[in-house]
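I would like the entire structure built from these sequences, with the hints used as guidance.
This note's numbering puts the sequence shown at residues 1 to 458.
One or more hints might be untrue.
[What the hints assert, rightly or not] Pairwise CB distance ranges, derived in the manner of DEER restraints:
id	residue 1	residue 2	range
1	Glu-304	Lys-353	38 to 48 angstroms
2	Leu-17	Tyr-355	48 to 58 angstroms
3	Glu-28	Ser-306	46 to 56 angstroms
4	Met-32	Phe-59	19 to 29 angstroms
[Stated by the list, open to error] Keeping only pairs whose Cα atoms sit at most 30 angstroms apart, straight-line, the calculated DSBU-like set for lysine-lysine is:
id	residue 1	residue 2
5	Lys-363	Lys-92
6	Lys-363	Lys-345
7	Lys-345	Lys-358
8	Lys-247	Lys-438
9	Lys-247	Lys-83
10	Lys-353	Lys-328
11	Lys-83	Lys-328
12	Lys-328	Lys-358
13	Lys-328	Lys-345
14	Lys-363	Lys-328
15	Lys-185	Lys-247
Calculated directly from the structure, the hints in this document are not laboratory data. Note that the Cβ used here is the ideal one computed from N, Cα and C, for glycine as well.
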Amino acid sequence: MVEHERSTRVLTAIILLNIIVYLMTSYENFFMETSDYWVNMFGFIPSLIGDIQNMYRIFTSMFIHADIFHIFFNMYFLYLFGKPVTRVIGGKKLLALYLFSGIVASIFHTAFSYTGGLISYIIPAVGASGAISGVLGAYLIMYPGTYLTMYSPYIFFPFPLRFRVRAEYYLIFWFATQVLYGYAKVAGTTAVFAHAGGFLAGIAILPIILSNVIGRGEEYEYRFDYTYTMPPPIEPRVRRGIGMASKIILTILIAILLAGSIYAVANPITGDIKAMMIQYSIDGDQYIDYTAVQLPGIESYIREVSTDETRILLSRLTSMNILYDPSKRGAEININNVDLNVPVKISVGASTKTYTVKVHVEKLYAVYDYDGFIRHCEGTLSTQILMIQNYIIYVTSDMINYDFTITSQTINLGNIDEYMQIPASIISIAALIVILRKSQDLSLTVGQPREPRLPIPI
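Rendered as structure tokens:
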């Protein structure tokens, strides 16, 4: 009992750490969602995976969650599936499984970002889902014959609805949705390939995690039950190894992932991108944002920037020929106390019009790279903005004030795709070997099903 309590302390500590981080990063929004500043500062950004100064994001992103529902369901599943896994492997190995799966999830997310286009390489990804997916993968191999019992609450039906499904079927179905949703591009900004990668990582590393358990002939049987709860609690039941049909389905899904890796290497994204980190303040409010463009037509990328304040700043710098100007290759410029009338193009419906706004540059310093794109730029400026109401566009008389710093780096996406496919493929193949050749040995539920015991509340 003492050993069990010690092993679950690590699981509890991981959950508490996630909750504490969420409270610290969401208090500004009344704990309903994490502020953009923290997401941009600590979220994982695929285009920065090769930047040593941003390597911390691989780890910090595992503990940042988008909103209250995101963290609730993540911690719910981590507790339900993590507790039976932890009771066997212990707390230290659970932490290793959690971190390893989270790292691999970031690798998969980067390797398959090509499916979402350029924007996928610069959108910060947050959440423990990839790490938790590794726990789900380990659970699948360790307890494939257990059952998940689902209950619907009275708020959905006038009577409680209860049904059961084998863990291997439920988890394989979930894994299939992550793979297929990723290729079908119907998951929005959800990093489904990160989930798939974390899931395979949990399977691939399991022989190492269970090295001191295999061969001891021990049985681990647990039953967890809740009344009228959803999503599913765990109700394990004994069985050894995943079935042949499950192995075939998993093999097909992993083969689909490997085919995607081969395609990415054979058809890499061509050309470099300019990845920018934009830090600025407006009337004391701090902002941080990331975006990327491909030369020479940067205007189309800037129009797609989702944050209004960032888009306005980049639009003004572009119209002033500050952000990108081939004639400034390798140059440095200083601008002080200058008033400008800057043209701004606005598209409403099918029509495009050009408006003139006033911009006052108090100070600006910029250094350019060999393409004429800013490598570093900092300054202070004020600008009018355009407002659109009921298809009527007008220029405001008031001006907003920016104190900003922009840094950029040139990134070859083809190299990122190629290099990330190697570890992603290795993990996929390792997981496939475990599924086909070792899953029966790694299964810890043996013997015949027993009669259900009384529910044990957790």
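message = Given the hint of 38 to 48 angstroms, is the C-beta distance from Glu-304 to Lys-353 inside that range or not?
response = violated (19 angstroms)
query = Lys-328 and Lys-358: Cα distance at most 30 angstroms?
reply = Roughly 24 angstroms between the alpha carbons, so the hint for Lys-328 and Lys-358 holds.
message = Check whether the Cα positions of Lys-328 and Lys-345 lie no farther apart than 30 angstroms.
response = holds (23 angstroms)
key: Lys-363 paired with Lys-345 [C-alpha distance capped at 30 angstroms]   = This hinted pair holds, its Cα atoms lying about 25 angstroms apart.
message = Check the hint pairing Lys-363 with Lys-92 against an upper bound of 30 angstroms on the C-alpha distance.
response = Roughly 53 angstroms separates the two Cα atoms, so the pair is violated.
Tyr-355 and Leu-17 - C-beta distance against the hinted 48 to 58 angstroms = holds (49 angstroms)
ask   = Regarding the pair Lys-353 and Lys-328, is the alpha-carbon distance no greater than 30 angstroms?
value = Cα-Cα ~28 angstroms, so holds.
ask   = Are the Cα atoms of Lys-247 and Lys-83 separated by 30 angstroms or less?
value = holds (25 angstroms)
query = Between Met-32 and Phe-59, is the Cβ distance one that fits in 19 to 29 angstroms?
reply = holds (25 angstroms)
inquiry  = Does the beta carbon distance between Glu-28 and Ser-306 stay inside 46 to 56 angstroms, or does it fall outside?
reply    = violated (19 angstroms)
inquiry  = Check the hint pairing Lys-345 with Lys-358 against an upper bound of 30 angstroms on the C-alpha distance.
reply    = holds (14 angstroms)
message = Check whether the Cα positions of Lys-363 and Lys-328 lie no farther apart than 30 angstroms.
response = holds (18 angstroms)
The structure fails hints 1, 3, 5, 11 (numbered hints given earlier, in ascending order).
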